[in-house]
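Residue 48 in this note's numbering sits at position 48 of the sequence shown, with consecutive numbering throughout.
Just so you know, the hints here were simulated from the structure itself, not pulled from any lab data.
Built from N, CA and C at the ideal position, the CB exists for glycine as well.
There could be a bad hint or two in this list.
Said to hold, decoys possible - Quick list of in silico lysine-lysine cross-link-like pairs, DSSO-like style, CA-CA up to 30 Å: (1) Lys186 / Lys70; (2) Lys186 / Lys107; (3) Lys144 / Lys69.
Stated by the list, open to error - Computed beta-carbon distance windows for the label pairs: (4) Ala7 / Ile116: 16 to 22 Å; (5) Asn171 / Arg143: 47 to 53 Å; (6) Arg118 / Gly48: 23 to 29 Å; (7) Gly48 / Pro188: 22 to 28 Å; (8) Val212 / Pro188: 17 to 23 Å; (9) Arg227 / Asp3: 28 to 34 Å.
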Amino acid sequence: MHDFYSAGFCPFPTREEFWGYWSCAIMANRYECGVGQVYLDLIELVRGKDYFIITTNVDHQFQLAGFDKKRLYYTQGDYGLFQCSRPCCRETFDNEDAVRTMSAAVKGRAIPIELIPRCPHCGAEMTTNLRCDDAFVEDAGWRKASENYSEYLRRHSGCKVLFLELGVGGNTPVIIKYPFWQMTSKNPRATYACVNWGEAYTHPYIADRSIVIDADIAQVVKQLLGR
């Protein structure tokens, strides 16, 4: 296991070990890490501006930093939510209490079998609300965020817009990168900006309206704030 992302796909030999790993991973990434400084700087950067955030991050950092939830679309889920593994319902469940209990009970990489979380409706095992297959639950909050994003784009169609892409890699470019390119190409008043250390590039068709910065996001945001 070299990182949290790839470790999540490990074929754990037992469900007790699966939850032993995931409870500790969620604790580290969601409940113990605190708010990253770059998110606190980002909220300063957009304060007073008509912004909207679409993110594939699942660590809840934007919410913890105080961004307006009505201006946030978290497309891939949240470490802080469970869903039914079947799923029997289009509902998600806050998991902090269960995660804290499981992580505190880990012994030899596993949790006691009785702590495996169960759906309160059907009794099936719970799973993380992270998009990895077609069983991902898009709950009422997710659907509302999607609607808000679509409405924001509709209202700003043809307007002066900056599509600012921060750290999008090659894993899911169809969610943010490619749509940003397409919307920039269709709107002559739009500008596309990409800040990504080691993966900063744009499409040749919009090169004359692109700003590409191969650098650390945290340092770039600080410079924009004049620090």
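Which numbered conditions among the earlier hints are violated in the structure presented, ordered from lowest to highest? Checked against the structure, the hints that fail are numbers 2, 5, 6, while the rest are satisfied.
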